[in-house]
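Chains as they are written, first to last, in the UniProt record's numbering: chain P, 1 to 250; chain H, 1 to 205; chain A, 1 to 228.
FYI, nobody ran anything at the bench for these hints, they're computed from the structure. There's no promise every hint is true.
Stated by the list, open to error - Okay, derived cross-link-like pairs now, EDC-like style, lysine to aspartate or glutamate, Cα gap no bigger than 20 angstroms in a straight line:
hint: 1; chain 1: P; residue 1: 43; chain 2: H; residue 2: 21
hint: 2; chain 1: P; residue 1: 163; chain 2: A; residue 2: 217
hint: 3; chain 1: P; residue 1: 43; chain 2: H; residue 2: 41
hint: 4; chain 1: P; residue 1: 210; chain 2: P; residue 2: 243
Said to hold, decoys possible - A few chain P residues that face chain A, going by a derived Cβ cut-off under 8 angstroms, partial list only:
hint: 5; residue: 97
hint: 6; residue: 99
hint: 7; residue: 104
hint: 8; residue: 111
hint: 9; residue: 112
hint: 10; residue: 114
hint: 11; residue: 116
Since the structure is predicted, the reported quantities are computational estimates derived from the model, not experimental observations. No residue lacks a Cβ here, since even glycine has one placed at the ideal position from N, Cα and C.
Take a look at the letters that make up each chain.
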Amino acid sequence: MSTTNIDDIIEDFAEQNRHTVKRFKSSDKAISSNVNIYDELVKAMLNERMAPDLLPYQHKLINEVLTKLSNQQQYLSDSHEYGDTNASSGIVDGDFKLQLMIIETEIERLSYMLRLYLRSRLSKIDKYTIHYISETSKPEEGSQEDTSLVSKQEMEYMHQHFKILTQLYNNSFLKKMPHFLTYLDDTSGGQSMISKPPVNNHVFVKSVSKKPFVISLDEDEDLELTENGIYVVKYKFIKPYVELGDVVLI
Amino acid sequence: MALPESLTYNLSPPEISFLSENEYITILPRYSMKKIELIGEKIPTLRGMRRERVPLWVALILKSQDKCNIVPPSWLELDFLKMKYEEEMKLPHKFSALPWHWLEISKILLAKAPDDLADPSNKLKSIIQDLREIRLVKSRKGLKELNESNIQLDGLSFMEINELRPYILKVMDKLMNLHDSISRNNVEAETNENEYEDGEASEDE
Amino acid sequence: MFGALGNKLTLEAKRLTKLSELPQYQSDLVRDIVKETNDLNEDAEFLTEQQRQQELNPSNEEELKVNQCQLFVTHLHMRRNKRCLLAYERTRANKIDEFCWLNIDPIVDTDSAPDKLANNTDSTPPVSEVPVDGSVTRLGLNNLSHAEEEYLKSYQRILVNYKSHFADLDLSGSLEPPSNIFIDVRVLKDGNEVQTEYGVFNLIKDSQFYVRKSDVERLIQQGYLEEI
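Next up, chain P with everything else stripped away, as it sits in the complex (with noise of 0.2 angstroms):
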């Protein structure tokens, strides 16, 4: 044995480890350094503007999101505070207050598609509510924390929604009527009173994959897409390939 192979070993091991580490890293999107968060929320904002139903939530993004502004938001305070203490030193600058104007205008940039992306989804919710609790209440969703439909926050404001809505049905006139005709999720009488979200409908996407792929449309006719074309297709055709990131919807 020669001490070369104990050394090609070692390497070996070591070129093993860092295989791992990127692998690791390209499949953790939301946490990968080199992914812009800033750049992946707006993404994440169209998609949920855009789509007729309600897309998985994007729990490690948001969660992220919400840290990194709350860190800048206490740094931009600590800055002011150290700005005040230091006015009269001269130790501060204009181009400190330039700084921290940038930094805040990114805080609210970043505030106001988040603020964008959770109330498009509440209004969804609100909108097909009782389909998206019959959808949430299924065993395979939620059991896994970060990859449910809906946040754990969305799930409360969902429940206690449709309580109060069907208190207030109940007040003003459902209690009064005779008791067959008192259910919200009817589906008889020949119209379901359950409505749904219109995924027939049609949306606008622009391919962002390098590939070119291709997807089936109705009565087997096909669609190939590529790079940077943008389309006009129905939602439940593409809805896979929004998630997968192959498409945004725009």
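Here the structure of chain P is known, so what remains is to put chains H and A in place on it, guided by the hints.
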């Protein structure tokens, strides 16, 4: 509702303009400035006359305080835009490739950094208007061929698409409904009788 | 006529989606529809009983068919009434929700009629951020039914709870893009010293500053500053 109706499945023009400010642009700093650790991006230490790429919204703040000049993108130039206009004339069924945010970025730069542009603002404005109009006419013509399944709009920018959106979606969803009701009628004709009996059964309770 | 009352309520629901405040609750109409529905139910029970009799001795098939048809229409009518009531109340609830998101107080005024609310200058009108048709900008408490008033309070509580998870965010904040957070201003007339988080500046005529817009909005209104 949690989001006003006007903002569901729809973007406002100010929103698209806001999103375009996330695009990167080259600046030529006039002074040095320490680096800034932003949440999305690290703005590197700026040194006088050394070019950097920064998000447009950062560039606009620096520009407003005379800290930098903005290097206009290569497409925001009279000759280039004229060439694109020629292309639009020559190819009646195709949109010439312009950047995703060409309309908004040119509007922003014309308003906030006109002194950094290579060509006179009024000339740029008029060629941009010409381009915009010829593309609008083209897209209207293209819409005549809408069907209920899918269409392709390569070459159009975000703002242009957003303007067409309400019309396209309305027509395509309508066509889809018509299409569906025709095919459903065929099926229904056969099952109608059964359904009627089912309906009655439930009414009996 | 069949469905006339329900139709009236549906039209009212449609009308109110375009209003910037909630009109008076249509309690009479709602009560009439509920009563009509209960009357229809009595008819239905009578018809069902009659049908059972007819089926026992099926002598007149024609009569049976007429009866069946009448029963069917009566049921449709009841269900339609229910849908109209739900649609009406849901549309109003949506407006109430939207109002709660504005995070402002409803107007408490026991005297004014609904249509006179516009002249009510006591309450400060909210800053309308998006002047879009159909967006709620104000809400008079006396236009709500009792059940709706309860609903408003409960929804406000739910929102406070939801928003508490995002304390740094101001979820009720403006939905207009924040594009001019900092602005250049020029001083129009002399005044006092102004303190902001970004330092102190003096109102000296013709001097210029780069400031946070929200810090100086009042000074702009008062005519000390103008945006450049």
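Against the structure, the hints:
no., hint, result
1, 43/P / 21/H, "holds (14 angstroms)"
2, 163/P / 217/A, "violated (41 angstroms)"
3, 43/P / 41/H, "holds (16 angstroms)"
4, 210/P / 243/P, "holds (16 angstroms)"
5, 97, "holds (5 angstroms)"
6, 99, "violated (11 angstroms)"
7, 104, "holds (7 angstroms)"
8, 111, "holds (6 angstroms)"
9, 112, "holds (5 angstroms)"
10, 114, "holds (6 angstroms)"
11, 116, "holds (7 angstroms)"
Hint compliance for this structure: hints 2, 6 are not met, and every other hint is.
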